[in-house]
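One line per chain: the protein sequences are W and B, in this order.
Each residue of the first sequence is one higher than the one before, counting from 3 in our numbering.
Each residue of the second sequence is one higher than the one before, counting from 7 in our numbering.
Don't read these hints as lab results, they were simulated from the structure.
Please note that the accuracy of each hint is not assured.
Here are some chain W residues the structure puts well away from chain B; computed CB gaps all over 12 Å [as the list claims (entries may be wrong)]: (1) SER23; (2) LYS108; (3) THR111; (4) LEU176; (5) VAL224; (6) GLN321; (7) ILE365; (8) TYR549.
Calculated from the model, a selection of chain B residues having no Cβ within reach of chain W, i.e. all distances over 10 Å [claimed, not checked]: (9) GLU20; (10) ARG21; (11) THR30; (12) HIS206; (13) GLN208; (14) PRO231; (15) GLU260; (16) GLN269; (17) ASP271; (18) MET323.
Computed footprint of chain W on chain B, listed as stretches where at least three residues anywhere in the stretch have a Cβ under 8 Å from a Cβ of chain W [said to hold, decoys possible]: (19) 91–97; (20) 111–117.
We put the beta carbon where it would ideally sit given N, CA and C, even for glycine.
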Amino acid sequence: MSDTTQSGPVLAADGTPLKRSLARALRMQKVRALMLIAPLLIFILLTFILPIADMLFRSVENRIVSDTLSETVVTLRDWDPITGEAPDEAVFESLYYDMFVAAEAKEHTKLGTRLNYEQTGISSLFRSSGRKLDDIGEDHVKALEKAGDGALKDEALWFEIMTGGSSGAGDSALLEAQRTKMAQLTGEDFSADIGFVPGAEISDLFPRMAMAYTDFALFTAVMDEDTVSEEDPWETVFVAFAQEVQAPGGAEKLAAYTGPGAAELTAAAEALAGLEPVSFKASFLDLDEDWGDVGNWRTIQTYSPTYTSGYFLNSIDMQKGTDGAEARPENQQIYITLFKRTMFMSLVITASCIVLGYPVAWILANLPTRSANLLMILVLLPFWTSLLVRTSAWKVMLQQQGVINDVLVWLGLVADDARLVMINNQFGTIVAMTHILLPFMILPMYSVMQTINPTYLRAAKSLGATNWTAFWRVYFPQSVPGIGAGSILVFILSIGYYITPEIVGGTKGVFISNRIAYHISSSLNWGLAAALGTILLAVVLLLYWAYDKIVGIDNVKLG
Amino acid sequence: MADASMTDAFVEFERVQKSYDGETLVVKDLNLTMPKGEFLTMLGPSGSGKTTCLMMLAGFETATHGDIRLAGTSINNIPPHKRGIGMVFQNYALFPHMTIAENLSFPLEVRGMGKSEREQKVKRALDMVEMGTFGGRRPAQLSGGQQQRVALARALVFEPELVLMDEPLGALDKQLREKMQFEITHLAHELGITTVYVTHDQTEALTMSDRVAVFNDGRIQQLAPPDQLYEEPANSFVAQFIGENNTLEGVVKEISKNHALVQLDDGEVIDCMPVNVTEAGQRTRVSIRPERVEYNKERLQEGAHTLKAEVLEFIYMGDIFRTRLRVAGNDEFIIKTRNAPDQVRLKPGQQIEIGWLPEDCRALDA
Chain W
3 MSDTTQSGPV
13 LAADGTPLKR
23 SLARALRMQK
33 VRALMLIAPL
43 LIFILLTFIL
53 PIADMLFRSV
63 ENRIVSDTLS
73 ETVVTLRDWD
83 PITGEAPDEA
93 VFESLYYDMF
103 VAAEAKEHTK
113 LGTRLNYEQT
123 GISSLFRSSG
133 RKLDDIGEDH
143 VKALEKAGDG
153 ALKDEALWFE
163 IMTGGSSGAG
173 DSALLEAQRT
183 KMAQLTGEDF
193 SADIGFVPGA
203 EISDLFPRMA
213 MAYTDFALFT
223 AVMDEDTVSE
233 EDPWETVFVA
243 FAQEVQAPGG
253 AEKLAAYTGP
263 GAAELTAAAE
273 ALAGLEPVSF
283 KASFLDLDED
293 WGDVGNWRTI
303 QTYSPTYTSG
313 YFLNSIDMQK
323 GTDGAEARPE
333 NQQIYITLFK
343 RTMFMSLVIT
353 ASCIVLGYPV
363 AWILANLPTR
373 SANLLMILVL
383 LPFWTSLLVR
393 TSAWKVMLQQ
403 QGVINDVLVW
413 LGLVADDARL
423 VMINNQFGTI
433 VAMTHILLPF
443 MILPMYSVMQ
453 TINPTYLRAA
463 KSLGATNWTA
473 FWRVYFPQSV
483 PGIGAGSILV
493 FILSIGYYIT
503 PEIVGGTKGV
513 FISNRIAYHI
523 SSSLNWGLAA
533 ALGTILLAVV
543 LLLYWAYDKI
553 VGIDNVKLG
Chain B
7 MADASMTDAF
17 VEFERVQKSY
27 DGETLVVKDL
37 NLTMPKGEFL
47 TMLGPSGSGK
57 TTCLMMLAGF
67 ETATHGDIRL
77 AGTSINNIPP
87 HKRGIGMVFQ
97 NYALFPHMTI
107 AENLSFPLEV
117 RGMGKSEREQ
127 KVKRALDMVE
137 MGTFGGRRPA
147 QLSGGQQQRV
157 ALARALVFEP
167 ELVLMDEPLG
177 ALDKQLREKM
187 QFEITHLAHE
197 LGITTVYVTH
207 DQTEALTMSD
217 RVAVFNDGRI
227 QQLAPPDQLY
237 EEPANSFVAQ
247 FIGENNTLEG
257 VVKEISKNHA
267 LVQLDDGEVI
277 DCMPVNVTEA
287 GQRTRVSIRP
297 ERVEYNKERL
307 QEGAHTLKAE
317 VLEFIYMGDI
327 FRTRLRVAGN
337 DEFIIKTRNA
347 PDQVRLKPGQ
357 QIEIGWLPED
367 CRALDA
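Just chain W, with the same shape it has in the complex (with noise of 0.2 Å):
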């Protein structure tokens, strides 16, 4: 070849040039590998990665309370806690329509207890107000309803009335923004046609109306599968007419109005004369007069974005306040001591195995193979026992009426009156764990220290080192890696335990993974359990990464 003379890049026997035909052979041996791995790839992938980022991504999201209060979020945008003030009525107007519609959805009570994490009462306060909505406005749509000798109680007159008769144009705007919002409400699929578009007049004239109707239509089309020409529309109808037409040059407007049943709707105007128009912050405060507390408000106020950081601040012991994030009430503070017992239990565990560990994987590599193999038996029974049964068995050994009592009370070295605790606490819950991670310290430092050469040993002693110092100086430093291996295995897979301490641990002995587990299964505040989780995971990572920069990964020897 005449590689040397020439000054282009090097070529392939065939022409092309050396390096993009080494790419190709090289593309076809990674495609290879890529398909060999590919069904666990995916599998881990659908199965484990995508759950668990999508579990991580509910410590943030906050969805819910813009979702089902969509229009209170916004009009109390405006509102200043500082005031001492509750909201004025255009706030309490938007709680009116979205509470009905929410309650409708039976979506009132999810956000109530989303919110009852952040303000206590809370979620009974949108209990008992979702039930008792009916009584806001009651005495006008009782008198719209009487109106006319009952004019307005033809579900196909308001249907008429709505769609502004066969002619009238429609305004899909309203229609598609409403879809849009009950979409987002009750998470279900509201872009099917229902067979009613709002009249472009009558949502001109009457807004707030016309939008009351919209979600009705929406709701009984969709989610109850009927007919809306068949059905009674909602109070929230009526009320928002009588709203609407008692408001300042609302008469003008209905005058203004052509439409089909414009003579029933001014009938019922006329009936209403006699009642005051309706006051949604009052009535409110009639339902519940904790609507008036502004703490309750500001909670809404601070959790209306879509994204929070609030369960992360609860994750920390801290809450939103008047000015950003400050310390929750000492007694409530619970998550700091929890995530600084895990760590501390943790290393704890880790050290305590290192202990008991080293002897033994320094045994077993240094014993001929057939006794090592049968120590690596007893070393691996526990592990080919269940995990239950060797924590229960700790409960039995360490409890006050346990083995260990017994023994020690027979021999006389503890009275029995004065039985030790030994379980329910931080010592049940260390004895119990190192025990059963101990094979996991064993197994790395005894791979690790079955290469290391007894010739070193005797060289050092042939160099003039004392037993001591040979170990010391030449053994040791050997074996680290396989004490980092162990430890790292130790302390992650402690530091996310949950089983042994929730049997053995008590109150006292608990690890944040168990508070997790309640999060989750207990008071399935979810977003706070998602936050505990991203931040256990963070802190390993940042172990991980600092072991990383002071021991070196590549100095870990797993087998």
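Put chain B on the given structure of chain W with help from the hints.
For chain B alone, kept in the frame of chain W given last:
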């Protein structure tokens, strides 16, 4: 072999025995005396007890019976780190987590030597093995030969009077091994260190040593300088083990002080030098080195016994010719001849007559 006078004995094994399992002896009744400054090689097949002897000297094994003395004092109960014996291991045993300089500094450090003195000695030791610029590297970054030099420097840096080497060149390729053989012997003689060298490679043993102890079956079969070992093997094991060797079996017919007549199994009679045969009628194994066999009749002594031989194979090896013959029923009889201009190249099938000087043909134990 124990003729070295007791006054200049530096290393002594006296009636040493070693057993690992309490049933068989790995080392049987070992007696050995080494003067100061000697380079002694323990040579033997694996399992012959040579490494065990070395380990007992280093202190990693304890003698089951007997006494090992170093400079007149018994070291049986002295732990290895107090013996002050330098040792080079088969796989070098350089500490992988330390740099070369730290490796060399280690023996000085454990002796409590000051930092500046340490650095000075480390530098001198590295220069001695021509590795002066490698102090900052790790063992894994060095080639086998370089690691070998470092291991040597480390065994010498604390200036021991006795250095033990356990097959130190086993892992090197042939060329490097030959180079290192020279370097080690030169260094040992220059520094005047007493060296015990263990190997199973007989060439290594012959080229390096002042004396070689051939081990077999837990005993020293022969302890002699290399030339004597090669030319005058004391028994048939040594004759077989050292160098290439032709053997013929037969019965002693006549024996005098320096001459014996041996009747081979096929009835022919040859002249021999009796070594460890004592009386007529004894079975013997006769040993002749391939290069001492002569087929040119003119060069043979008058009246010497000759044997008929058939050429089976001729192998050209460059510097020498190697010819395989059938002699007295033995198909593996080898002769070696120098590739000289006047040398005859034998052809397979050719019938020749071979003979030798009686003193080159040694009648050994059967």
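Against the structure, the hints:
1. SER23: Per Cβ check, SER23 (chain W) is outside 12 Å of chain B; nearest 34 Å; holds.
2. LYS108: holds, 67 Å
3. THR111: holds, 64 Å
4. LEU176: At roughly 76 Å from the nearest Cβ of chain B, LEU176 (chain W) sits farther out than 12 Å, so the non-interface label holds.
5. VAL224: Holds: least Cβ distance 71 Å, greater than 12 Å.
6. GLN321: Its Cβ never comes within 12 Å of chain B, the nearest being 51 Å, so this holds.
7. ILE365: At about 19 Å from chain B, ILE365 (chain W) clears the 12 Å cut-off, so the statement holds.
8. TYR549: Holds: least Cβ distance 18 Å, greater than 12 Å.
9. GLU20: holds, 23 Å
10. ARG21: Fine: 25 Å to the nearest Cβ keeps ARG21 (chain B) off the interface.
11. THR30: holds, 18 Å
12. HIS206: holds, 18 Å
13. GLN208: At roughly 25 Å from the nearest Cβ of chain W, GLN208 (chain B) sits farther out than 10 Å, so the non-interface label holds.
14. PRO231: About 28 Å separates PRO231 (chain B) from the closest Cβ of chain W, which puts it past 10 Å; holds.
15. GLU260: holds, 55 Å
16. GLN269: The claim stands: GLN269 (chain B) keeps its Cβ more than 10 Å from every Cβ of chain W (closest is about 53 Å).
17. ASP271: ASP271 (chain B) is indeed farther than 10 Å from all Cβ atoms of chain W, at 48 Å.
18. MET323: Holds, since 38 Å exceeds 10 Å.
19. 91–97: holds (count 6)
20. 111–117: Since 4 is at least three, the answer is holds.
Checked against the numbered hints given earlier, the structure satisfies every one of them.
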